[in-house]
Amino acid sequence: MKRLDWLFMISLFALIGIGLALVYSATSNSDLIWYKTDWFKQVIHFTAGSLIAGIIVFMPATFWRNIAWITYVVAIIALVIVAGSGHISKGAGRWLDVGGFRLQPSEFSKIAYLLANSLWLSKNRISIEQPKTLIVPGLLFIVPFLLVLKQPNLSTALVFTAMAIVQFYWAGFRMVDLFLLISPVASIIFSAISPLYWNLLIISVFFVSIKFKFPLWIIIFVMALDIGSGYASQMAWNSMKDHQRSRILTFLDPMRDPKGEGYQVIQSQVAIGSGGMFGKGFGEGSQVNLSFLPEEHTDFIFSVLGEQFGFVGTFVVLVLFFILLWRGIMICRLYENRFVNLVVAGACTILFFHTFVNVAMTVGLMPVTGLPLPFLSYGGSFVLTCMILIGLMLNMRLKGKDII
Amino acid sequence: MFSTSQETENQRHEMNLKSLVFVCVCAMAFTLLIIRLLQLQYFEYENNLKRAEENRIRPVTIKASRGYILDRNGVVLVRNRPSYQVSLRYNNLKTKEMRDSVFNRLLKITYSNGKRLLDSSSLAFSFERGKWQKFRLQRLIEDASPEIVALFEEHSEELPGIEILVESRRDYPFGSHGAHIFGYTSEISETELELPENEHYVMGDRIGKKGLELSYEKEFRGENGSKFVEVNAMGREMGAVEGMPFIEPVSGNALVTTIDWKLQQVAETAIPDGLKGAIVALNPRNGEIYAMVSRPPLDPNIFSLEKRELHKAWASVALDTAKPLTNRAISGVYPPASVFKLITAAAGLEYNVITEHSKYKTCLGGYKFGNRYAKCWNARGHGVLNVVGALRESCDVFFYQLGLDVGNKRISEIGRRFGLGSALGVDIPGERSGLLIDSATYEKWFERRGWKWSSGEILNIAIGQGALLITPLQQAAMAGSIAWGKGLYKPHFLKEIRNPEGEVLRKFAPEKISEGKISDKARDLVLKGMDEVVNSPHGTGRRAIVHGVKVGGKTGSAENPHGDKTHAWFAAVAPLEAPEIAISVVLENAGGGGAMAAPIAQKILDAYFNPEVK
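Just so you know, the sequences run in chain order P and H. So for the first sequence, the working numbering puts the first residue at 1; every next one is plus one. So for the second sequence, the working numbering puts the first residue at 1001; every next one is plus one.
Hints in this document: simulated from the structure, not taken from any laboratory. Honestly, I wouldn't trust all of these hints.
What the hints assert, rightly or not - Derived PhoX-like pairs (lysine-lysine); straight-line CA-CA distance at most 20 Å:
{"no.": "1", "chain 1": "H", "residue 1": "Lys1050", "chain 2": "H", "residue 2": "Lys1209"}
{"no.": "2", "chain 1": "H", "residue 1": "Lys1018", "chain 2": "P", "residue 2": "Lys123"}
{"no.": "3", "chain 1": "H", "residue 1": "Lys1262", "chain 2": "P", "residue 2": "Lys280"}
{"no.": "4", "chain 1": "H", "residue 1": "Lys1262", "chain 2": "H", "residue 2": "Lys1094"}
{"no.": "5", "chain 1": "H", "residue 1": "Lys1375", "chain 2": "H", "residue 2": "Lys1409"}
{"no.": "6", "chain 1": "H", "residue 1": "Lys1528", "chain 2": "H", "residue 2": "Lys1486"}
{"no.": "7", "chain 1": "H", "residue 1": "Lys1050", "chain 2": "P", "residue 2": "Lys280"}
As the list claims (entries may be wrong) - Heads up, incomplete: computed chain H residues facing chain P, CB under 8 Å, no partners named:
{"no.": "8", "residue": "Val1023"}
{"no.": "9", "residue": "Phe1030"}
{"no.": "10", "residue": "Tyr1042"}
The beta-carbon is built from N, C-alpha and C at its ideal position, and this holds for glycine as well.
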């Protein structure tokens, strides 16, 4: 039972291998000397990441509980520092210089939040009917969420949201509880989209809360909150100036930004589509190379895959991701321990959310959000984060029984 | 919390259910993606492939036009000109036959005199680079002449993959005139590109490197636009694509300077050829600089040249021992020589060490101090003089004795009041602070050389030699603020920033950097001295007389280690009691200030006060 999960490891290393090949292909027309290329840097990232993951796997079982809070505090401090004086790259203050390395605290804060939230939820029961049980997990979530949102980095903030929802679910929330919990946010978004959807939402919130026999005060509170936030956002929207609105729309949907992200998505779809069933062959995709020089090896690496290896390639990669997530979440079935369950579920959520949102973006199903694809996209902080998550999951698998 | 085994069992069930839900959600999401991929890669394959192959849509940056530099009356001093780059888009040459044929055709293109336009080795190098950087344009001919452009246009059908790009380069219609003020632009370097403040630039952009071009880079730059263009099989742009975003570039702002171009022209031609030196003319009432010249001249157009030419031209100016790149008006430091006597006299009068009637020991051509005999410039001696007379005739012996009485501390204090010893903050880079030193700093500075401050040092300071250095800009500001008497203003070139529509975005407000004042009585006497320097029959600066206006001034002839002849200095203000303009002139190793520098100041003043005569 505690032996290595070969299926998990094979799909992991297959993905890393494919990722390195694609980064190589996407950056091969650079005129840099080999050890300065992004490809070589990516090899270094994965080597370092694997070493770290290897160390993490053999950490004692109590280690994560002991460092959860301190990690969380350090991550928050780092986020505050970048919010104050971060390195401005591409107009967003997301970077922190640490001893010559440029790190993205928002990446590592995902792990910090994962550990801290898992620890709290493993020791405390939460219930929507007892609001004071939600104070601490609410604060744990909202602080990094707002700091990341302010960078501005909407997509990473959404990763936090996805983690929070899944972990609340694991901690005992029913689907209907989650529905009520996120309904105020949905109300804000729907009120911006169309009055019809908004009305449908409010009505369904009402009937769902009646059907599930929530206490009256919760129904009133949630309804008031939903209607209030819907109207408030409408009023705020109407009082805004045009350029402010346009800024918010671009924030929500970067495709609106006329600097050409929309063009990137169209090019990405054409690139993937022109790959056909079997692709144009490794290193052959002229389309990808021509079109988005700056981003192809980070956010649009999946387009490189689609063009060069066709549907066979994209299908295999998605299956590999599915196996990885499936074998990952199955760790939950090995132990009853709540902490183990929460950490594994959270880690799988991060990987799943990134994968789905990134691929959906490259095939034109979602707006361009700038979330990289785990194990395939280029990027130091992100590779390290993914490898740390893998290390954590393997550690839980190996030592889960000892964790109290 | 987990007390009974039943509860544990329930929980286990619950957890198992949850992981199942998670796996199902994943499976559904991935199925959705796979359906979409099937749609793109199977059902719409033909269409997408066609679009990919025919993809002639290309994002293009529209470079913003750089802001102009104008003089105070609207004369355009720096503008832009189109510059044509003949470039190779290697990716358009799909087959080896195409590449070979284009390569050979390019080699065959010749000038009218039969000389080859491109040599085979550099062309081969460009093709080789094109192979690696498939999607980047390789520049074959930089800044091509209209004839060359016409030649390529004519042969465009036979030369697929060859594109002519139009870029904008700086154009300096007046050549070397004003070059040291304007500075120049050149391609942004890799180190500069990495700076966070330069995030808006890309490789190949041009950026201000010196002078006003550097100081006001942010204003000149504007904002680049972008568009999506369709290109034909030859790689030629067919126009913007409908429905794609099109962002107009925003031109950079124009800089209206305080320069008076007529005056600048006079100043530019006033220094005899072959001499090194500098001229500064400014308005002492608000610090506006009317003219600034540094010799030897520099032609800024060389920085817009094609690379190979640029390297040649650059080497010749950078290695020139006369240092034409240096703006001597702000970066040249010289001993102020006798012009500094204005400060010594002002200090003596301000601190009541002397009065109008005070006399010192008779000047017999020198002064004995301890075992040292300090000479007066006039070996025949000046006799007995008061402070006005001593200024007029620039008697060293008078100032030796005055210096000893006043002391270095008080002289420095007055010097600082009028802007000496620190940079004035002019809005072009490279200004030096000069040197105005107290005894303690002097000893610290020259500790390694073992020099000690001695009371004899004051003899040198009092007549503007020794441990004293000053820039021509400081000289003009000093003379001007002494005469104006109502403050020392920061010298500046910025008058207004205007947007491309010509609306004024901001104006420079005069900035007082020091009170720049001495008592009225002291000022009157110093001005009287300046008056007599020019207007008395015995004055040393008589060659600065201008018809119709009262000019005051002070000559200087600075001894220096660089040659036999002295540096010629002249500082002038006019009209003396209510000055509108202050001028300083320095000519390196040219001789006496009265003979060499004063006539140059005279020319500029004459142009300023009697413009209709010209």
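Against the structure, the hints:
Straight-line distance between C-alpha atoms of Lys1050 (chain H) and Lys1209 (chain H) comes to about 47 Å, which puts the hinted pair past the 20 Å bound. For the hint linking Lys1018 (chain H) to Lys123 (chain P), the alpha-carbon distance of about 19 Å falls within 20 Å, and the restraint holds. A threshold of 20 Å between alpha carbons decides the hint, and for Lys1262 (chain H) with Lys280 (chain P) the separation of about 67 Å lies outside it, so the pair is violated. Taking the CA atoms of Lys1262 (chain H) and Lys1094 (chain H), the gap is near 58 Å; set against the 20 Å cutoff, the hint is violated.
A hinted pair counts as satisfied when its Cα atoms are at most 20 Å apart, and Lys1375 (chain H) with Lys1409 (chain H) does not qualify at roughly 24 Å. About 18 Å separates the Cα atoms of Lys1528 (chain H) and Lys1486 (chain H), which keeps this hinted pair within 20 Å; it holds. Only pairs whose Cα atoms come within 20 Å are accepted, and Lys1050 (chain H) paired with Lys280 (chain P) is accepted, the gap being roughly 14 Å. With a cut of 8 Å, the hint placing Val1023 (chain H) at the interface with chain P holds, because the nearest CB-to-CB distance is about 5 Å.
Contact between Phe1030 (chain H) and chain P, as hinted, is supported at the beta carbon level, the nearest pair being about 5 Å apart and thus within 8 Å. Against a cut-off of 8 Å between C-beta atoms, the interface hint on Tyr1042 (chain H) holds, since the closest Cβ of chain P lies about 6 Å away.
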